[in-house]
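> Spelled out, the chains give:
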Amino acid sequence: MSISIKNLKKSYKNHLVLDDLNLDIKEGSLFGLLGPNGAGKTTLVSILNSLIPKDSGTIQIYGKDLDKDSAYIKSICSFVPQTYAFYPKLTSFENLEFFGALYGLKGNELKQRINYCIEVTSLEKYINRKAYTYSGGLKRRLNIAIGLLNDPKVLYLDEPTVGIDPQSRKYILNVIKKINEEKKTTIIYTSHYMEEVEYLCDEIAILDRSKIILQEKKDILVEKNSNIEIKTTNGESKKINIKDSYEEFTSYITDIKNKNIEIENINFGHKSLEDMFLSLTKQDLRD
Amino acid sequence: MFKYLLKKEFTLIFRDLHALMVLFIMPVIFILIMSLALKNSYSNSVDSPLKVAITSTKNNKTIKVLINEISKNALFETNFIKVKNKKEQLYQKNYDFVVELQSNFIERIKLNDKNFKLNIYSKPDIQVQKIELLKKLITGASSKIILEDLLSQQKIKTKEVLDFEAKIKNQFIYKKEGFEVTPTSVQQSVPAWLVFSMFFILIPISNTFINEKAFGTIDRIRSINVSLFPILIGKIIPYYFINQIQVIFMILVGVFIVPLLGGDSLEIKGNYFLIFIVSSSVSIASICFALLIANISKTTEEATTIGGVSNIILAALGGIMVPKFVMPQFMQDITEYSPMAWGLQSFLEVFVRGGDFSDISSYVYKMFSFAIICLILAYILLKKRS
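Listed in order, the protein sequences are those of chains F and P.
Numbered according to this note's numbering, the first sequence terminates at residue 282, and the numbering increases by one at each position without gaps.
Numbered according to this note's numbering, the second sequence terminates at residue 426, and the numbering increases by one at each position without gaps.
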């Protein structure tokens, strides 16, 4: 496991934000962390990055305890916040040089890492332009580039595609996929865009009201929701999971044919992740 | 790593045009204006003397002597005018004083005449000291005329005796022998507005620091296993250099630019090492104060308001805007609580009075203590809020 969280608790004053949370994330996984506003996603990611302390529980990252080996864990992890966490008045190169130095890189190693990050995020043309002149998409790419400087084993991406155009978003998603595939980097991806998580992640967890209410491999989730709904002209309707019950499906079709009942409509389920998310989190509006 | 922390801060400062304007252009304008505006308050020369109209029923020899005696004082330009309307003389002819006297006023004084009268008319905004000075000049001149009469009646040669005023001389005793710097407006203005501008370092410091917090850059840095203390220290050093550039720049303005506009030239005779000690103390105090304001405030607008208002209050209390010596005693006592006053007094001790370390040590200790307290509070707030 790259990340193993056991009985994690965190509260602010009297408000419980994370309640006895357990979560295991495999090495090299592209892990989607979903949850409505206020569910505790940011708190969880902040604890994992040692930005805020936990109340209780244990966290192990690559076999090391977060409390005891915080310095090592920080050196193998990288956090890309939702905000543009860089200096707008510096150029991309200056930003990368500064953050690279903070990671302890210097000389040729620093130059090589900067070049790699620029190449991966295709920032070559903009490297000497001040960051405040960038479009939203370029700023997001720079934000990610900085996060790749230390060649992390674990990369936390907090809503990295907010406020950008579809082309930039698609590009960024592909960059993330590429990093995960080529470097086997474990990526923890939080987002409100369900279709992104569905497209990108191989495993998904939904965090709501301080707890993980669902954790599953994406393929299994899709399979579990491969229902179809058959409506007939006599007003009846029947739901069947064709993956699990193919025989039930064929016998039902034979049956209605024999009874001379016509099919009015077949609704192919494949419930989307968003439908699942809304049904699991009860659809009520959050602050 | 530290090299890149410094490089980043320097780059950010030199790309912040507004901050550079506040740090360099604003104090230069203040120095030029205040050095020229306060020139006469420090100088013995008078550019525009006060106009006095002596009026009486007739202009006789005694009145001419009186006019001559008053005119010996460069502060007054005295003329005899037949005045019909005193208000018109004051408000339309721009006289500062109208002195109405009886043409035989000397005789009336000698006779101790109960009907003797001598009236001085002036606008209400004339300083009381100037009215008192004119009164003393009139009484002095009258006494001189009476004494001259008495002595001539006794056939005593009077010329040498009556010119005794010319024998009265004021001599300055300087605090340090051989250190004879005449206090001028520029000697006050340069250190005053220099200290003021050094404290305005809080604008760029708070802007960068609050943006770092708001954009999550501080969190990103913390997630990279860098502790907050070197980040705070990394901010002090570049801004310290900026403050030192300000010191050199403002001194050069005082030495070369102010005289070009008709002001006095700044004389730098003080010990350079002491100037360095003072400028370093002011710098450390102002930067740590700025870090505290940056950590108290949540937005740049809040920091600019809190910091700007605090700086103006500290400057008003610290003798920056109004020289300490013109304040009443209780206000002079209050100045002792302003860090800007500690900086200003230290600079004046070194620049004007040729003081040594013992003269500035208490101010230097106060500034460093102030800086340490601000830095500790800033660190606690930063830790608490992040």
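Watch out, some of these pointers could steer you wrong.
[Stated by the list, open to error] Capping the alpha-carbon separation at 25 Å, the derived lysine-lysine pairs in DSS-like fashion look like this:
1) F:K4 / P:K424
2) P:K424 / F:K101
3) P:K423 / F:K63
4) F:K84 / P:K253
5) P:K424 / F:K8
6) P:K207 / F:K4
7) P:K47 / F:K120
8) P:K157 / P:K91
9) P:K43 / F:K8
10) P:K309 / F:K8
11) F:K63 / P:K176
12) P:K176 / F:K106
13) P:K104 / F:K8
14) P:K124 / P:K101
15) P:K104 / P:K47
16) F:K84 / P:K91
17) P:K157 / P:K79
18) F:K59 / F:K234
19) P:K43 / F:K84
20) P:K195 / P:K133
21) P:K43 / F:K101
22) P:K47 / F:K84
23) P:K364 / P:K309
24) P:K207 / P:K176
25) P:K126 / P:K104
26) P:K79 / F:K125
27) F:K21 / F:K234
28) P:K175 / P:K209
29) F:K125 / P:K364
30) F:K106 / P:K47
31) F:K1 / F:K21
32) F:K125 / P:K43
[What the hints assert, rightly or not] Okay, the calculated beta carbon distance ranges per label pair:
33) P:I285 / F:K120: 32 to 38 Å
34) F:P48 / P:S402: 41 to 47 Å
35) F:K120 / P:F397: 22 to 28 Å
36) F:S6 / P:A356: 45 to 51 Å
37) F:A66 / P:M367: 31 to 37 Å
38) P:T339 / F:D214: 28 to 34 Å
39) F:G158 / P:E341: 35 to 41 Å
40) F:P48 / P:I412: 24 to 30 Å
Because the hints were derived from the structure by calculation, they are not lab data.
Every value quoted in this text rests on a predicted model; they were computed, and no experiment measured them.
We put the beta carbon where it would ideally sit given N, CA and C, even for glycine.
> When you check the alpha-carbon spacing of K106 (chain F) and K47 (chain P), does it fall within 25 Å?
Since the Cα atoms of K106 (chain F) and K47 (chain P) sit roughly 17 Å apart, the hinted pair holds (cutoff 25 Å).
> Holds or violated: K126 (chain P) with K104 (chain P), Cα cutoff 25 Å?
20 Å, holds
> Decide if the proposed pair is consistent with the structure: K47 (chain P) and K84 (chain F), CA atoms, cutoff 25 Å inclusive.
Holds, because 13 Å separates the two Cα atoms, which is no more than 25 Å.
> Compare the distance between the alpha carbons of K47 (chain P) and K120 (chain F) with 25 Å, and conclude whether the hinted pair is satisfied.
Since the Cα atoms of K47 (chain P) and K120 (chain F) sit roughly 23 Å apart, the hinted pair holds (cutoff 25 Å).
> For the pair supplied as a hint, K125 (chain F) and K364 (chain P), is the alpha-carbon distance within the 25 Å limit?
With Cα atoms ~47 Å apart, K125 (chain F) and K364 (chain P) exceed 25 Å; violated.
> Under the criterion that the straight-line Cα-Cα distance not exceed 25 Å, is the pair K4 (chain F), K424 (chain P) satisfied?
Status holds; Cα separation ~20 Å.
> Is the hinted pair K79 (chain P) and K125 (chain F) satisfied, with a Cα-Cα distance of at most 25 Å?
Violated, at about 47 Å.
> Given a hint of 41 to 47 Å, does the C-beta separation of P48 (chain F) and S402 (chain P) actually sit inside it?
43 Å, holds
> Would the hint linking K125 (chain F) and K43 (chain P) be met if the CA-CA limit is 25 Å?
With a Cα-Cα distance of about 21 Å, the restraint between K125 (chain F) and K43 (chain P) holds, given a limit of 25 Å.
> With a cut-off of 25 Å on the C-alpha distance, tell me whether K157 (chain P) and K91 (chain P) pass.
Holds - the C-alpha atoms of K91 (chain P) and K157 (chain P) are around 21 Å apart, at most 25 Å.
> Between the alpha carbons of K157 (chain P) and K79 (chain P), is the straight-line distance 25 Å or under?
38 Å, violated
> Decide if the proposed pair is consistent with the structure: K84 (chain F) and K91 (chain P), CA atoms, cutoff 25 Å inclusive.
Answer violated: K84 (chain F) to K91 (chain P) is near 59 Å, above 25 Å.
Of the numbered hints stated above, those contradicted by the structure are hints 2, 6, 9, 10, 11, 12, 13, 15, 16, 17, 18, 20, 26, 27, 29, 35, 37, 38, 39, listed in ascending order.
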